[in-house]
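Going by our numbering, the sequence shown wraps up at 648, each residue one higher than the last.
Keep in mind that the hints were calculated from the coordinates and are not lab data. Glycine is no exception: its CB is placed at the ideal position from the N, C-alpha and C atoms. Check each hint, because a few of them may be wrong.
[What the hints assert, rightly or not] Below are the PhoX-like pairs computed for lysine-lysine, each with C-alpha atoms no more than 25 Å apart in a straight line: (1) Lys57 <-> Lys154; (2) Lys548 <-> Lys499; (3) Lys50 <-> Lys126; (4) Lys610 <-> Lys596; (5) Lys104 <-> Lys60; (6) Lys457 <-> Lys477; (7) Lys457 <-> Lys338; (8) Lys338 <-> Lys596; (9) Lys275 <-> Lys186; (10) Lys496 <-> Lys519; (11) Lys338 <-> Lys645; (12) Lys154 <-> Lys83.
[Claimed, not checked] Label-pair ranges, simulated between beta-carbon atoms: (13) Gly49 <-> Tyr376: 48 to 54 Å; (14) Tyr376 <-> Ala276: 16 to 22 Å; (15) Asn502 <-> Asn369: 53 to 59 Å; (16) Thr179 <-> Asn61: 35 to 41 Å; (17) Cys214 <-> Asp114: 57 to 63 Å; (18) Asn252 <-> Asp278: 17 to 23 Å; (19) Asn369 <-> Ile590: 55 to 61 Å; (20) Ser602 <-> Leu62: 17 to 23 Å; (21) Asp113 <-> Leu166: 25 to 31 Å; (22) Pro283 <-> Ser498: 56 to 62 Å.
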Amino acid sequence: MANQKLASEIIGKIFKNTDMQYGLSVFEEISPEQVLDFSEKDGKYYLQCLKRSKNLVAKPEEIIRQLMVYKLINFYKYPLDRIDVEVDVQFGREVGKKRADIVIYRDDGKTPYLMVEVKKPDVKDGLGQLKSYANATGAPILVLTDGKIQNNILRTDPNLFEDLIEIPKFNETVEDVRSKKIAYEDLDEILNLKQLIYDLQEVVLANCGVDSFDEIFKLIYAKLYDEIETPRNENRRFRIIAGATNKENLNNLSRLFEDAKSQWRDVFKANDEIEIPENVVVPAVSLLQKHRLFGSNLQIIDDAFEYLINLDAKGEKGQYFTPRHVIDMAVKMLAPASKDFIIDSAAGSCGFLLHAMQYVWQNELTKEKYGSSTDVKQKDYAEKHLFGIDFDPRSVKIGKAMMLIAGDGKTNVTYANSLDSEIWNEETRTRFRPFLRTFKDSEENRRNQEKMSDFNFDIVLTNPPFAGEIKGILLNKYDLGFKWNKDFEKTSKHQNKVSRDVLFIERDLNFLKPGGRMAIVLPQGVLNNTQMEYVRKFILNKARLLAVVGLHGNTFKPHTGAKTSVMFLQKFREGEEAPKDYQIFMAVSKKGGKDSSGEYIYRKDKDGNVMFNMEGKKIIDHDLDEIAEEFGKFANDQKVNF
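Starting from the given sequences, assemble the full structure and let the hints guide the process.
What follows is the structure in structure tokens.
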């Protein structure tokens, strides 16, 4: 057997082109170096099969298979003589066309009881193949693993499958597994919520006649409520009840959802109910029951929700999830601090707010500074300093869920029309009233209390919807809703229509306190079209233009190829006049991180291998971090005071 250090190096080399970087978290209780017997011949690595005692090429799939065989024998206690590998599966008259990676047989040694399919890390096409094996052989228990995740599946019906928290050990039954208590510490961090949502949407709910988006979010909020409210040492309420009927399990889920609905009244309507059919409630709940949402990697949650809402054709409304490397650039350039109050007036999934929160956590509210009270400080910041508004109810559901997962159950994401604060309901008014700007003139102050137009937020981070034009009386509430003469003075006549994003510029400036700063994504035309000059004059009379960053044409693909820029402003302070001449930071992104099809491009090392960051995520090949760094130098040289 190769020595331990050499074995570790071999595994690292074999897995270097995968997302896991040889994490093998499914086998964390196993030391691969002690289990796998490697050898080398003609520049290739081989390992010995634990079942057949012969040498095999050491591919990632083979390493995972041998570790799984070891786990079945030593952890699950299945006898080696019940286990076989590379077993031919018969589909009708076809024989030998497909092979199951691992099969465990019943007592008779002939009837498959458990089948395992192994894949190299992050290959997701094995589930359908495995289910076809089950239908062909009648095997009731299935396992799919890529070394990072182990999916345990029970076939309850030819077309229905239930996720098990664990597979039965030798001499255990499925009911033994179902009956095991699930305490909070037993929940696993979600490593691939996007795949779980895909399975819910395409496998479980596809032919049920329900709105997948709505039902998935009911499940997510019921799960969140259970994690928050059920004492940690008690059995989870969000689970499949052993021995219960489908109807009883549905009733249990419905009661939990009613409690969640009471907790978050502004997310769901009073008459909203679980509409998942009885026969699919078990597979639906089972997919999520063993996972933990709180404390999970926010990028994983974010990616999953972006996938879900894009399937809902949100792009038709001119709203697109802002790529997270664009958000990171904007946040770094505005450098929020823990004292700052931040708002996104078109919050969507709250990407800007989440990344601002993480920036403050990582740079100021750190364990090095606050020790054991760090979590309290971080949650207090998330609850009290971050605010979002969106007029799309589905975006609000996503944004609230993201902020709930990031915080501890409280959120300031509001379903409202940012552009028309006069029609806000009392709950929204109450939430934002403490941030209203106070004016010395009593009449102006009274007007602001009534219209709720001017606020005192420190930072606005936003990507307003581009599509759509505003017409009618709403234009009368905005200076940019009026026509301007050739001397750029506002006239008494309002425009016939105004692009939605133009009104958001004025609205967001009004959200800012004097001296407050803003980053806003805008179509390129606002910055260079002749007919938009009055908009640019308006901006320059209200704020200092700090920077303009032209984004690459592929940035928002595949949803749109529209040219966009990020504009950075600092609102003038009380009594401050617009300077006649000052320097502005200008940059154009040459590497947008996406190709012409909208697929991400990743950085590679000198050997052509994809590079990964400290969290094991692929590094997107873009130049926005360099742009943010250069802006920091510029702001320091220009003595820009935030």
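Evaluated hints:
1. Lys57 <-> Lys154: 23 Å, holds
2. Lys548 <-> Lys499: At roughly 21 Å apart (the allowed maximum being 25 Å), Lys499 and Lys548 satisfy the hint.
3. Lys50 <-> Lys126: Satisfied, since the Cα-Cα distance of roughly 18 Å is no more than 25 Å.
4. Lys610 <-> Lys596: Holds, at about 17 Å.
5. Lys104 <-> Lys60: 21 Å, holds
6. Lys457 <-> Lys477: 19 Å, holds
7. Lys457 <-> Lys338: 33 Å, violated
8. Lys338 <-> Lys596: 19 Å, holds
9. Lys275 <-> Lys186: 35 Å, violated
10. Lys496 <-> Lys519: 23 Å, holds
11. Lys338 <-> Lys645: Distance of about 17 Å is within 25 Å: holds.
12. Lys154 <-> Lys83: 22 Å, holds
13. Gly49 <-> Tyr376: 48 to 54 Å: 52 Å, holds
14. Tyr376 <-> Ala276: 16 to 22 Å: Violated: the Cβ-Cβ distance is about 41 Å, outside 16 to 22 Å.
15. Asn502 <-> Asn369: 53 to 59 Å: Since Asn502 and Asn369 have Cβ atoms about 47 Å apart, the given range 53 to 59 Å is violated.
16. Thr179 <-> Asn61: 35 to 41 Å: 38 Å, holds
17. Cys214 <-> Asp114: 57 to 63 Å: At 37 Å between Cβs, range violated.
18. Asn252 <-> Asp278: 17 to 23 Å: 21 Å, holds
19. Asn369 <-> Ile590: 55 to 61 Å: 26 Å, violated
20. Ser602 <-> Leu62: 17 to 23 Å: Given range 17 to 23 Å: violated, Cβ gap about 41 Å.
21. Asp113 <-> Leu166: 25 to 31 Å: 26 Å, holds
22. Pro283 <-> Ser498: 56 to 62 Å: Hint holds: Cβ distance 60 Å, inside 56 to 62 Å.
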